[in-house]
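Peer 1: Work the whole structure out from these sequences, hints included.
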Amino acid sequence: MAISMDTNRPTLYLYLDSSWKEHTSFIYDPQLYAPTRFHLDKRKGGKCLENCLETSFIVPWKFDLFFTFFMLIYLLFLAFFCRIERSIFWFSTLYISFFSYIVMLSLPSTSSSISRKKYDVFLSFRGEDTRNNFTDHLYDALSRSGILTFRDDPKLEAGEEIAPELLKAIQQSWCSVIVFSETYAFSSWCLEELAEIVKQHNNDGHKVFPIFYHVDPSDLRKQKEKVKEAFARHEERYKEDCEKIQRWRNALIQVAAIKGWHLNNRHESEFIREIVKKISVKLYRTYPVTRSDLVGFCERLEDLYLKINIGENDVRVIGICGMGAIGKTTLARVAYTQMSHHFESKSFLADIREVSDKWNDIISRTLSHKKVFVVLDDVDNIQHIKCLVGRHDWFGSGSRIIVTTTNKHLLRCCQVDYVYMPTTLNPKDALQLFNSKAFHSDTTPKDDFIELSDQIVNYADGLPLALEVLGSFLRGRDATQWRSAIERLKRDSNKEILDKLRINFDGLEETEKNIFLDIACFLNGEKKDFVIKVLDGCEFFPDIGIDVLIKKSLIKVDEHKDLRMHNLLQDMGRKIVKEKCVDEPGKRCRLWEEMDVHHVLTKNTVSHLTKVTYYFFSFLFIKYLINI
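Under the working numbering, the first residue of the sequence shown carries the number 112, and numbering increases by one thereafter.
Do not take every clue at face value.
Said to hold, decoys possible - Straight-line C-alpha distance at most 27 Å; calculated DSSO-like pairs for lysine-lysine:
| no. | residue 1 | residue 2 |
| --- | --- | --- |
| 1 | K481 | K539 |
| 2 | K601 | K686 |
| 3 | K686 | K639 |
| 4 | K624 | K606 |
| 5 | K228 | K318 |
| 6 | K714 | K698 |
Claimed, not checked - Pair by pair, the computed Cβ-Cβ distance ranges are:
| no. | residue 1 | residue 2 | range |
| --- | --- | --- | --- |
| 7 | T448 | S254 | 15 to 23 Å |
| 8 | S329 | K279 | 43 to 51 Å |
| 9 | E410 | Q592 | 29 to 37 Å |
| 10 | L417 | K350 | 47 to 55 Å |
| 11 | K350 | D414 | 51 to 59 Å |
| 12 | N361 | N244 | 23 to 31 Å |
It is worth saying that the hints were derived from the structure and are not from the lab. This structure is a prediction, so every number in the text was calculated from the model and none was measured. For glycine and all other residues, C-beta sits at the position ideal for the given N, C-alpha and C.
Peer 2: Laid out in structure tokens, this is it:
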């Protein structure tokens with residue numbers, strides 16, 4: 112018999128070996144996000160028998176007593192029908208019972224944080240102060256945003272003691288929003304709610320968001336003015352229960368110290384919109400997504416969610432625009448995962464290129480009265496948007512349509528309400544994303560990998576796809592292999608990354624392709640006016656051509672009026688040129704490397720196509736002389 116524990120996940124393996132080499136393995140795999148799977152597999156000599164016993168059962172993982180009982184029955188079956196010795200049977204039972212208990216104890220208590228609560232928000236407020244005004248408007252705004260909110264029934268407040276329903280509702284809520292009003296502290300009911308909220312906050316991570324409605328937080332913390340008067344009444348009323356009074360005081364001090372929202376002299380409607388937006392963003396982060404999906408994306412998601420704003424009842428089309436591989440699809444997919452359950456219908460359309468005009472009638476006829484959440488991913492043709500989005504009145508109130516594309520001009524031609532343009536990751540987030548793929552952690556291992564990781568991050572230049580692809584490729588390889596891979600990248604970029612970037616290039620007209628390749632080979636980083644003069648001499652119509660490249664997110668103009676192309680886009684452009692003739696530089700249309708130019712001039716292998724590069728050499732040489 113052998114017991115082994117897998118260190119990578121909470122799995123218990125039990126092997127029972129008898130004298131005739133018959134093996135029975137039991138795999139115990141309590142998943143945190145799913146029920147436990149029991150798998151029984153009877154084997155002989157390491158190979159599965161033809162008539163082997165192989166069954167699977169699904170039961171909730173918390174039932175460790177059932178687990179033990181189940182194994183007792185199974186081993187009893189083996190003892191009498193498979194002739195396992197009785198001593199092995201009882202010894203195995205003891206092992207299974209003990210180790211199943213140890214495994215249960217070792218599992219982190221994550222069910223409360225991972226599983227969705229019954230309510231998103233519990234509203235705590237003084238009824239006579241705000242029930243029919245501010246709290247009513249706040250409750251309505253939260254509900255319209257799809258946030259499940261518990262608000263007590265006025266009839267519950269008839270008694271002096273807090274109703275059990277309220278305590279249970281607090282425990283079943285992800286967070287509490289507490290509206291502190293002028294007479295909040297006078298209510299023993301409110302203070303008891305507050306004490307329970309603080310208890311859940313301290314013990315189970317229950318979130319707390321205070322709202323100071325015409326009250327000063329310092330008055331609550333220091334318990335002066337009306338708060339002092341309120342507690343004087345409570346002390347008179349509950350003379351024999353000093354512990355309760357102190358519990359209320361401590362709860363009030365703790366919550367009043369939390370940063371919240373202050374009404375001051377603002378309009379209540381604007382104040383409520385701000386509260387709902389903030390709670391929505393924080394709440395969506397708790398919805399199930401892959402952890403690696405959020406590396407470096409949290410701030411991006413906050414900006415995107417403010418544009419989506421499901422708290423409003425209008426129909427809204429949001430465009431996500433940027434260069435290929437910058438993370439547009441990831442942003443859209445995370446937003447879809449976290450928000451779509453608030454809508455009647457939802458759809459993530461990834462293969463937009465296969466769409467046809469028949470969708471026009473289908474969508475306008477079937478979705479006109481539904482609140483929908485639709486993602487159109489990687490759109491490159493205006494007809495696709497017209498067929499699938501058409502007019503805003505095709506969709507029900509509150510609908511949200513997200514369009515991802517590399518073409519900003521396409522979004523301008525359609526009824527897009529907001530455009531979000533994600534940027535490349537900053538060095539810190541880029542390193543974190545790369546490490547999560549290369550090492551399954553957010554921190555870089557020591558020794559040689561620190562410098563090597565920095566080189567890879569610099570090469571990727573903040574592009575999420577490049578960081579993910581290269582991190583996954585290098586995972587599990589040693590430092591020598593990393594160095595070899597880095598040297599290879601300097602000469603030949605990763606094919607998977609370049610293929611993704613090339614999709615946008617392939618959709619260009621020939622003149623625009625020439626402009627792109629000229630910038631990639633010669634003019635990246637030059638002044639826009641200078642580039643236009645050079646390209647105008649080649650009759651490439653650069654004014655419109657450069658604008659097209661900018662709108663398609665292939666180049667950009669920085670604050671100094673310099674044309675900038677991402678390093679990997681430049682690598683892609685140069686590789687396209689080299690692919691024309693790998694072995695003979697003289698047959699390529701552009702030459703930029705000193706070694707290739709020397710080869711062509713000394714071997715006299717220049718072709719007619721290569722002569723176009725002489726124009727660039729002359730222009731760049733003149734510019735060089737001017738700078739001297």
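Peer 1: Each hint needs a verdict: does it hold in this structure or not?
Peer 2: Results of checking the hints against the structure:
For the hint linking K481 to K539, the alpha-carbon distance of about 42 Å lies beyond 27 Å, and the restraint is violated. Of the supplied pair hints, the one linking K601 and K686 holds, its CA atoms being roughly 12 Å apart against a limit of 27 Å. Simply put, K686 and K639 have alpha-carbon atoms about 24 Å apart, close enough for the 27 Å limit, and the pair holds. Taking the CA atoms of K624 and K606, the gap is near 20 Å; set against the 27 Å cutoff, the hint holds.
With a CA separation close to 12 Å, the supplied pair K228 and K318 stays within the 27 Å bound. A C-alpha spacing of about 12 Å is found between K714 and K698, which places the hinted pair at or below 27 Å, so the restraint holds. Here the CB-CB span from T448 to S254 is close to 22 Å, well matched to the stated 15 to 23 Å. Taking 43 to 51 Å as the suggested C-beta distance range, the pair S329 and K279 does not conform, at roughly 33 Å.
A beta carbon spacing of about 34 Å between E410 and Q592 agrees with the range 29 to 37 Å that was offered as a hint. In this structure the hint that L417 and K350 lie 47 to 55 Å apart at CB holds, the actual value being about 51 Å. At about 55 Å, the CB distance of K350 to D414 agrees with the hint of 51 to 59 Å. Checked against the hint of 23 to 31 Å, the C-beta distance between N361 and N244 comes to roughly 30 Å, which is consistent with it.
The structure does not agree with the numbered hints 1 and 8 stated previously, though it agrees with the rest.
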